[in-house]
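Chains as they are written, first to last, in the working numbering: chain A, 4 to 381; chain B, 12 to 314.
Simulated from the structure, these hints should not be mistaken for laboratory data. We put the beta carbon where it would ideally sit given N, CA and C, even for glycine. Take the hints with a grain of salt, since some may be wrong.
Stated by the list, open to error - With beta-carbon atoms standing in for the labels, derived distance ranges:
id, chain 1, residue 1, chain 2, residue 2, range
1, B, Pro162, A, Lys34, 51 to 61 Å
2, A, Asp77, B, Arg308, 53 to 63 Å
3, B, Pro162, A, Asp223, 20 to 30 Å
4, A, Lys34, B, Thr292, 42 to 52 Å
5, A, Gly99, B, Ser101, 40 to 50 Å
6, B, Gly117, A, Asn375, 32 to 42 Å
7, A, Gly99, B, Leu120, 29 to 39 Å
8, B, Arg301, A, Asn375, 24 to 34 Å
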Amino acid sequence: MRRTIAAAACMVSLVAGAGRASTSAAPEPIKLAAILSTSGPSAPLGLPQVNAVKLAEKDINAHGGINGRQVQIDIVDDGAKADVAAQLATQMISSGHVAIFCGTRTDTSAAVARVTASGNVLQVYTTPTESLWRTPRGVTKTLFEVNPRDQLEAIALLTFAKTRLHAAKIGILHDENLYGSGGSTIAQNEAKTLGMTIVDDESYPGTATDFTAQIVKLRDAKPDAIVLWGATTTPGLAIKAARSLGVTVPILGSSGIGSPAILAVAGGAAAGEVYSASPLAPVAFGEQKSFETLYDGEYHARANPFAAMGWDAVHILAAALRDANGKTDGASLAGVLETGKPIALVEGTYKFSPSDHNGLVANDVHIVKAVNGMWGAP
Amino acid sequence: MLQLLIAGLTVGSEYALIALGIHIVLRATRVVNFAQGEFAIVGGLIAFSCVDALHFSVWIGLIAATLGGAALGLAFEALVLRPAGRGGESGATIATIGAVFVLLYGHALVPGWGSEGHLLDSFGGNNLVVPVPPLINQFKGLGPQVTIVNPQSLWVLGLLLVALAGLYVFFERSYYGKAIRAAADNPLGARLVGIDVRSARSISVALGIALAAYGGTIIGPITLVGGAAGLTLTIKAFVAAVLGGLDSPIGCVAGGLIVGVLEVFATLTVGNDAADPLVYTLLLVMLLVRPQGLFGRRDAVRD
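Okay, chain A solo, but in the shape it has when bound (with noise of 0.2 Å):
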């Protein structure tokens, strides 16, 4: 019995003095925090976000680190809540997270940007919300965005509209949140700018279940294409309702409409003629291709948009804390990522400067069609 209790004391000590040989052998791992909807209505994006951000933390670490410091990037789900998010950004800043990558949502990404621009953390976010960096006060320093804006978007959906499908009325129908009233009002500028007209502007609640009345409206506008400004599963069933309606126009929908789950609640094939705007060309090539590859080979799924703009989010917190000699602080890691040095990532080449958080260019958003129920080629 002694002899045992000897031993065991001995195999704690072995094991207390590894611990401690460990630590201070390698250096402390860089703390970023990912605050993401994985509960809630926005869960189809943002689990594939979380998968996406396991594998870049994985794929960094393989390749050394931040300059030789592993990376530890904590996930926390917000579940599509505001509050939340923001109580979340304030405890993981205090428990040491150098920049935050937060987040799916528009709402939950506005309520961590006060968090981390009054306390000087860098954020990326990954909704094409250009509004929350750009404000009337000015560029928002510490806050960029890892998504074609929505600007960006319109341009291409309209412009796709107008030359391929040789649209000229336009009817919009968007989702009554800060998202789809945003990009409303972009598309309905960028429309006219095209030389295109607005005939029906309708909005949704986000837990809409009947669209009777705006399909009714919207076709009796007869537009000759609708864009759709909407995400989670709700513009299906606003397609569905659509369609059978009798509303045979195609839809053009922002990028938020880009899953397959969307697909298959407006019915699959018979969801008729249905594009979105994506971050992800239908034919990968270059780092697309090469993410695609390493996603399918950890998780046996195609990796869709949102799993490519985590894995540009994470890429691009990277890039600044490698290029900001040991500083960590907001201003610093904004003023790295300012200096417009190219980031080639999934999504595009991201070049920012002091006036364009941003970073990509209207030739990054592709088109995709709905094909029997699939995103592929237009």
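Based on these hints, arrange chain B on the given structure of chain A.
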């Protein structure tokens, strides 16, 4: 026009069934059950699992959802309403608000359910194309010449009538139904004539929740099942019940259909942004002007 009316009546049917459930639970327990809409969501998900995971027909799914709803109702009465009700009705009402969140976040943890919406199979049939009569066609600006009816809308309206007929027979014609009504209206008197008031209460709650689950299932093929819309449903149904009369089953059904139709026409005329405020303003006006509702008895307000 007909198109919008059908859409409104379809959505309204779900409000009606949930409102009716609120009415039955309220009558038996004097508690407004704010979790009623969540039970509709869970009911729809039970049906979804039957179809999607177990490969049963959607009709089996409907039966399973209704029975599942009844079982959940029994558990809800025993575990939430009865213990929380010992401190008075307001305590139990607040407990139902707690139950909303337990059900909302709890259902997302069930494998295969998650927090997003799922599409339930249709109950059958193809789109019906109904020509608009030539007389109406002569007026310009009324839109297309046909009305397209989703067959599920007809199922929803038909199954609403089936549920109402079933409830009428149960409460008005059967011995048990009469006993339950007696127990709700006069617990002491009912006890004196030998009615088990406690079981009557349990059965009422089970029935109310089963109705919500039934409603959540029949509308599933049109909307989606699952997701976070439960509380919105409850509030709309509550507006419906107040509009029609909380103490009147016919009022609850009529109120549900009126709110559904009103919502669709309000979206058409004043737009989506103003439609919800309009519906809730109606609730306030109704409470001020006619608190007993369109079909309620004036003396019921005193309860």
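Now the hints, each set against the structure:
Between B/Pro162 and A/Lys34 the Cβ separation comes to about 56 Å, which falls inside the hinted range of 51 to 61 Å. With their beta carbons about 60 Å apart, A/Asp77 and B/Arg308 fall inside the hinted range of 53 to 63 Å. Here the CB-CB span from B/Pro162 to A/Asp223 is close to 24 Å, well matched to the stated 20 to 30 Å. Hint check: A/Lys34 to B/Thr292, Cβ distance near 50 Å, so the stated range 42 to 52 Å holds.
In this structure, A/Gly99 and B/Ser101 meet the distance hint of 40 to 50 Å, their C-beta atoms being roughly 45 Å apart. B/Gly117 and A/Asn375 have their C-beta atoms about 36 Å apart, which keeps the hinted 32 to 42 Å range intact. Take A/Gly99 and B/Leu120: their Cβ atoms lie about 30 Å apart, and the range 29 to 39 Å holds. A beta carbon spacing of about 54 Å between B/Arg301 and A/Asn375 contradicts the range 24 to 34 Å that was offered as a hint.
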